[in-house]
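Visitor: Residue-level listing of the chains:
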Amino acid sequence: MSQFLLVLVSGVASGAVYGLIGLGLVIIYRATDVVNFAMASLATLGLYVAVSLRDQGVATVLGIVAAVTITVVAGLLVRETVIRPLGQGQLFSALVVTMGVSLVVENVASSIWGDEPKSFPNLVNGTVSWSGAALPVQSLVTIAVAAVAMAVVGYLFARTTLGSAMRAVAENADTARVVGLEPQRLARIAWALGLGLAALAACLYAPRSGLVPTALVAPLFRAFAGIFLGGLTSMYGAVVGGLTVGVLDNLAANYASASLRDTFVFSFTVLVLLIRPQGIFGTRTFQRV
Amino acid sequence: MFRTMRKFRRAAGTTAVLAVVALTANACADQDSAGAGGNSSEIHIGAWLPLTGATASYGVPQRAGADAYFKMINASGGINDRKVRWTVKDNAADPQQTVQIARELVGQDKVVAIVNANGTSQAEAAFPFVLNQSKVPVLNEVGGNESWFKPPRPGLFGTQTLYEDQAAAIAAWTVQDGAKKILVVHSDPAAFVNVAKQVEPVAKKVDPSVEVDRLTVKYQTTDYTPVISKVKAAKTQAVILILTSPEAAAFLKEAKLQGLSLPTYAYAPVAAESTVSLAKDAAEGLKAVQLVKAPSDTDPAVKEFRTAMAKYEPGQPAGFLALWGWSNAKVFAEITKTIKGPVTADAIDKAYEKATKVETGVSPVMSFSPSNHLGTRSVQRVVVKDGVWTSEGDFYTPPKRG
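The listed protein sequences correspond, in order, to chains A and B.
Those letters in the first sequence? Residues 1 to 289, per the UniProt record's numbering, in order.
Those letters in the second sequence? Residues 1 to 402, per the UniProt record's numbering, in order.
By construction, these hints were calculated from the structure, which means they are not laboratory data.
All figures in this text were calculated on a predicted structure; none of them were measured in a lab.
Note that CB positions come from ideal geometry on N, CA and C, so glycine has one too.
Just to be clear, a hint being listed does not mean it is correct.
Taking beta-carbon pairs under 7 Å as the criterion, some of the chain A residues facing chain B (in silico) [to be verified]: (1) VAL7; (2) SER14; (3) GLU182; (4) THR214; (5) ALA253; (6) ASN254; (7) ARG261.
Using the sequences plus the hints, can you model the full thing?
Guide: This is the structure we're talking about:
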């Protein structure tokens, strides 16, 4: 029982990270039709700044704030300089551009900070005993922080004017402009929000993995699995998909075979997509031939 | 007018024929001199290293260590009054790029040998062109496996104790320390599984009553909470880690967090500075085997390395990987010193086959022969003490496997 509890909690903690990254991806995709592959490397850039600040004696929490700020600023810079000039609806061009940006940012991080792994501090140390299992407090904090961030995003989109405006722009930018909304401003806010969530996820993930320029490639990969599982256009889907991937991943590794971990998760994802191509919470769209 | 034209044509034709002959002769000369490696005042060698990309953390320090050594000996006259020119090209750990680099090094730069390069699959991609077609030796590569040396291949010589022998050394050490029940925690790719499988036979050879189990972990796992729980449940007396450095650090951190305190041993990839910097105090007491002495040793040969690093590569830490590069460069220099006359590929090949008791002071004594192209099976035992890897005893040769 204690082993199952450990596996479950650590799976939910991993899933929370994937869910946050996935949520960031969906917010940006819905607002600007851009699948942002550069999100993970931009968040890594923020993490390196946080580590540099910590090395200068700055408190970890301030380092995390700096990481989020740097990621958001760098992301907005990328959007304004290389994504926005592409124009609306350039899904594949934007995809390739973000992939390119991702590689450039990884190389920049590598040349500034080197490729030697660096440690990133836990927010909290210690364990909590529950049903005979020693649960790491860091995992519980990860789950809690991710839950609060997701709740805030949910409230923003469901209950605030800004959220309604962002949803309106996501539905139809031209119509939104007619009613006086500013799509570009809202797109910038969506990018900032999405990148901020990714940076937060990165800060929760890095204490376990250590920090190298490609540290967030694996969670980004799983976040994508999560959003396709949950539905590319659904924010709930991104969260549920991420959590599902995290938990299945851990269950498979512990009760089936470590080697079959990815096979299990991605077979499940493929199976779901065969039955519901739009994902669990995605909306089915029809297009004229 | 026509006669003049005919003369011109004849002259042009003769010139063209001469040019072709000259070019052909030159091309033949190029082929002949492919192993010449520079002029009589220098020895030109080359290497491919991952200076960018995912494994640059290996290539950059390895280059710094070797560079420091070559700069040091060049400053004191070189090898038998010949300066060493070591041309390094970045392959970003990509086998295809390595083949291209091999063609440049051999075809254009005319290196006499590939020395101190990095990467198993990368080297294997280049072997058909470098070893088989061009007959240029590949020496002291970081990487490799048993099949490279059994049977020995012309021009291919190694200085790195095989991972399988490292596992044998750890197994013997663990049993000698008194463990009767050992758990080997290893990543799931075949390269790790194969190494992990070497532990049990050697452990049983040292003490037939020893029990050895294996626990497979998914490669690049970062969450070791459930793994530690399984290790606890196994009620083992010692753990052997066949993992990468970040994975081992994650294991150690989680073990400390969950109050698991067991003698823990690891193979050379874990005996890295990164394991200590990532795991911090959770790495204290970790035992591992290494290919070289600890860079913190007070030994004169290691001091020489640290001094040269500070002088010639001040931006690079004098760590294990730099010491690997240094050691490989020194083995090459020590063997090349024995060559009387031109330093050709053939001469290097013969010098390596005759080289016995090659001492660098920082790595095990290397001995080669026509039937043995791998210089050593020995390792250095190292332990983390006060946050620093420290050598324990002298070089150790594990019991034979199988």
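Visitor: It remains to establish, for every hint, whether it holds in the given structure.
Guide: Now for the hints, and whether the structure bears them out:
For VAL7(A), the suggested interface contact is upheld, since its CB lies about 5 Å from the closest CB of chain B, less than 7 Å. For SER14(A), the suggested interface contact is upheld, since its CB lies about 6 Å from the closest CB of chain B, less than 7 Å. Violation of the interface hint for GLU182(A) is found here, the shortest Cβ-Cβ separation to chain B being roughly 41 Å, above the 7 Å cut-off. Look at THR214(A): its Cβ gets to within about 6 Å of chain B, closer than 7 Å, so that hint holds up.
Among the interface hints, the one on ALA253(A) holds; its C-beta lies about 5 Å from the nearest C-beta in chain B, closer than the 7 Å criterion. Given the 7 Å rule on beta carbons, the hint for ASN254(A) holds: about 5 Å separates it from the nearest Cβ of chain B. With a least beta-carbon distance of about 5 Å to chain B, the hint placing ARG261(A) at the interface is held under the 7 Å criterion.
Going down the numbered hints, you'll see the structure goes against just number 3.
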